[in-house]
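In order, the protein sequences belong to chains C and Y. Straight run, no breaks: the first sequence in the working numbering ends on number 99. Straight run, no breaks: the second sequence in the working numbering ends on number 387.
Treat the hints as calculated values from the structure; they're not laboratory data. Quick caveat: nothing in here was measured; it's all calculated off a predicted structure. For every residue, glycine included, the Cβ atom is placed at its ideal position computed from N, Cα and C. Just so you know, not all the hints are guaranteed correct.
[As the list claims (entries may be wrong)] If you want a taste of the chain Y side facing chain C, the calculated C-beta under 7 Å gives, among others:
| # | residue |
| --- | --- |
| 1 | 234 |
| 2 | 246 |
| 3 | 296 |
| 4 | 298 |
| 5 | 301 |
| 6 | 303 |
| 7 | 305 |
[To be verified] Result set (PhoX-like, lysine-lysine): computed pairs, CA atoms no more than 25 Å apart in a straight line:
| # | chain 1 | residue 1 | chain 2 | residue 2 |
| --- | --- | --- | --- | --- |
| 8 | Y | 194 | Y | 211 |
| 9 | C | 96 | Y | 334 |
| 10 | Y | 372 | C | 89 |
| 11 | Y | 372 | C | 91 |
| 12 | C | 96 | Y | 372 |
| 13 | Y | 212 | Y | 194 |
[To be verified] Ranges of calculated distance between the beta carbons of each label pair, as one might list FRET restraints:
| # | chain 1 | residue 1 | chain 2 | residue 2 | range |
| --- | --- | --- | --- | --- | --- |
| 14 | Y | 32 | C | 70 | 28 to 34 Å |
| 15 | C | 29 | Y | 246 | 46 to 52 Å |
| 16 | Y | 326 | C | 49 | 31 to 37 Å |
| 17 | Y | 351 | C | 96 | 38 to 44 Å |
| 18 | Y | 351 | C | 41 | 58 to 64 Å |
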Amino acid sequence: MILLWTVIGIPLGILGLLAFATTMVYLWIITPVVLGSFAYRSFFGGEFDVNWKTILLGVLIYTIFGIIPIVGWLAELILMLLTLGAVAKVKWEIAKEWR
Amino acid sequence: MSFGRTLGVSLAASLLLALLVFIPQSGDAAELRAGNQPLIATGETVREDVYIAGGSVSSAGVVAADLIAAGGNVLVRGNVGADLAAAGGSVTVLGNVADDVRAVGGNLLLQGAIGGDAVLAGGQITVGGKIAGDLLVGGGTVRVDGPISGDVRIGGGDVYLNSVVSGNVEVYADQLTLGSGARIAGSLTYTAGKEAVMEEGAAVSGDTTFKKRERTVSVGGIVAIISLALIGTALAQLVSALLFGLVFRRYAVRLVETAAARPPLEVGRGLIVIIVLPIASMILLWTVIGIPLGILGLLAFATTMVYLWIITPVVLGSFAYRSFFGGEFDVNWKTILLGVLIYTIFGIIPIVGWLAELILMLLTLGAVAHLKWDEVSSSSSYFPLHQ
Numbered sequence: 001m002i003l004l005w006t007v008i009g010i011p012l013g014i015l016g017l018l019a020f021a022t023t024m025v026y027l028w029i030i031t032p033v034v035l036g037s038f039a040y041r042s043f044f045g046g047e048f049d050v051n052w053k054t055i056l057l058g059v060l061i062y063t064i065f066g067i068i069p070i071v072g073w074l075a076e077l078i079l080m081l082l083t084l085g086a087v088a089k090v091k092w093e094i095a096k097e098w099r
Numbered sequence: 001m002s003f004g005r006t007l008g009v010s011l012a013a014s015l016l017l018a019l020l021v022f023i024p025q026s027g028d029a030a031e032l033r034a035g036n037q038p039l040i041a042t043g044e045t046v047r048e049d050v051y052i053a054g055g056s057v058s059s060a061g062v063v064a065a066d067l068i069a070a071g072g073n074v075l076v077r078g079n080v081g082a083d084l085a086a087a088g089g090s091v092t093v094l095g096n097v098a099d100d101v102r103a104v105g106g107n108l109l110l111q112g113a114i115g116g117d118a119v120l121a122g123g124q125i126t127v128g129g130k131i132a133g134d135l136l137v138g139g140g141t142v143r144v145d146g147p148i149s150g151d152v153r154i155g156g157g158d159v160y161l162n163s164v165v166s167g168n169v170e171v172y173a174d175q176l177t178l179g180s181g182a183r184i185a186g187s188l189t190y191t192a193g194k195e196a197v198m199e200e201g202a203a204v205s206g207d208t209t210f211k212k213r214e215r216t217v218s219v220g221g222i223v224a225i226i227s228l229a230l231i232g233t234a235l236a237q238l239v240s241a242l243l244f245g246l247v248f249r250r251y252a253v254r255l256v257e258t259a260a261a262r263p264p265l266e267v268g269r270g271l272i273v274i275i276v277l278p279i280a281s282m283i284l285l286w287t288v289i290g291i292p293l294g295i296l297g298l299l300a301f302a303t304t305m306v307y308l309w310i311i312t313p314v315v316l317g318s319f320a321y322r323s324f325f326g327g328e329f330d331v332n333w334k335t336i337l338l339g340v341l342i343y344t345i346f347g348i349i350p351i352v353g354w355l356a357e358l359i360l361m362l363l364t365l366g367a368v369a370h371l372k373w374d375e376v377s378s379s380s381s382y383f384p385l386h387q
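Chain C extracted, bound-state conformation:
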C-alpha cells in the first residue's frame, strides 16, 4: 500500500498485493496438507508423510476448526501462520540461490 502511494512504486505495489492475494488462496489450500501430516503422525506415529489419507484428515480437522468459534479460528490462524512461515523459508532458500 505504501508503494502504491509513492506512484513510482505502483507496479511493485500491485505485484505485492497480487502476491499477497495469491499467497492467501495458496495458504487456504496448503494449510490442511500440513495440518493433516502433523495430525497423522501424532495419531499413528512414524515419519512425516503426505498422501491422500493425511490430506483428507487435514481437510476434515481444518473444517471442524472452522466451525468452532474463536478457539477454532485462532487455531486456523496459527496453522496458517505456521504454514506461511514454512513457505517463506523455502522461498527464501530458493531466493538466496538466485542472488
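Following the hints, position chain Y against chain C.
Same frame as chain C, now just chain Y:
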C-alpha cells in the same frame, strides 16, 4: 437482470448510506422494508419514517413521515408527508412530497408536487411537477417543465428548460434550450458551449449573462499529459526492473541465458502458458469444486503479467547490450536502463513496436516458465524427508 438494472442496484446500494446521512434524523420510530419487491400498498398509511430497499420498490400508500427508498426501480405513487430520498436505476415520483426531495438514479422522473427543495442527480432527468422551493440538478440530459417557486441551478449536458421560474436560473451545460413555456422572473446566468436556443415565447425578465465555456485541455496539454505518463511509467518500470535485476542478479542472468539458448522454443512455451493458464483457470471456476484453484490460477496469471512487465526490459537490455558491445550476457544497471529505454520506445511505435513487445514478453515468459519448471522438478532437494 439487465446491465442497466444491475448498475442501478449497485448504485442504489452504495448511495443508500449516503442518502441516509443527508436525511434529517427524527426521534420517531422507523419502519424497515426490504426484499425483491418491497411494497407500501395502496390504501396503506405509515405514520413513521420508512426505509425501503429492494429490486423493485413501490410505494403506493401514504407515508406521513420521511420515505427513504433504494432499489433497481423505485416508484413512488403515493404521497409523502415529509422528505423523500430515493436512489435507483430508475426513480419515478408521481405522488406529492410535502418537503424536500433528494434523488439519484439513471432515469429520474418527478411528476408530483414538491413542497420543499429538490436535489436531483442522474443520467436522464425530467421534472414535470411543481416545486415550491429551489431546484438543484446534475445530469446528462435534463428537462424541466414544472413551475419552480425558488431558484434553479442546473449542471448537465443537454438542458431543456420549459417552465415558469420565480427566482434566478443558473446553468452550466453543453447546450441550453429555453422552451416556449419558459418564463424566468429573475436573471439567467449560463455557461455553455454556445449561446442558448430560445424558442418562440420564451422570456427572461431579468438580466441574461452568457459565458462561453473555454476548452479546458489544449492539444499541448494532452501532449504534456501523455509525455508525463510515459516518463512516469518508464521510471516506475526502471525502478522495479533495477530492484529485481540487481537483487536477483544470478536469476536474471540465468533467465537471459535461458531465453537466448532457444528463443523460438521459449516463445512457444510462453504462448502456451499465456493461453492455457487463463483458460484452464476459467474452466476450473466453472466446475465449482475447482473454484479455489481457478482463483489461484487467475491470480497467478495477473501476477505473472505484472512481473513480466517488470522483467522483460531486463532480458531485452541484456540482449541489446551484448549486441552493441559484445561479450557475455550480463545484467547490471546499464543493461537494465537500456532495456527500459528500448521497451518504452517500442511502446510508442504502433503495431510493429507492440508486436515486438509481445514477442519479447512471450520469450521472457517462456524462460520464466522454464526456470520455474526446473525449480519445481528439483524441489525435492528442499524437502529432504522425501529423499
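### Message
So, as I understand it, the hint says residue 301/Y touches chain C; can you test that by seeing if any CB pair is closer than 7 Å?
### Response
At 10 Å from the nearest chain C Cβ, residue 301/Y fails the 7 Å test, so the hint is violated.
### Interface hint compliance - residue 296/Y to chain C, C-beta minimum distance less than 7 Å
5 Å, holds
#### Entry: Hint check, residue 305/Y versus chain C [nearest Cβ-Cβ separation less than 7 Å]
9 Å, violated
### Message
Run the distance test for residue 194/Y versus residue 211/Y: straight-line Cα separation, threshold 25 Å.
### Response
9 Å, holds
### Query
Is the gap between the beta carbons of residue 351/Y and residue 96/C within 38 to 44 Å?
43 Å, holds
### Outcome for the supplied range 28 to 34 Å, where the beta carbon pair is residue 32/Y and residue 70/C
31 Å, holds
### Query
For the hint on residue 246/Y, does the least C-beta distance to chain C fall short of 7 Å?
10 Å, violated
### Query
Is 31 to 37 Å right for how far apart the beta carbons of residue 326/Y and residue 49/C are?
Because 53 Å falls outside the window, the suggested range is violated.
### Message
Hint check: residue 372/Y vs residue 89/C, CA-CA at most 25 Å. Holds or violated?
### Response
The hint holds at about 17 Å.
### Query
Okay, residue 29/C versus residue 246/Y on CB: inside 46 to 52 Å?
33 Å, violated
### Message
Quick check on a hinted range of 58 to 64 Å for residue 351/Y and residue 41/C, using CB atoms only.
### Response
60 Å, holds
### Message
Check the hint pairing residue 96/C with residue 334/Y against an upper bound of 25 Å on the C-alpha distance.
### Response
24 Å, holds
The structure fails hints 1, 2, 4, 5, 7, 15, 16 (numbered hints given earlier, in ascending order).
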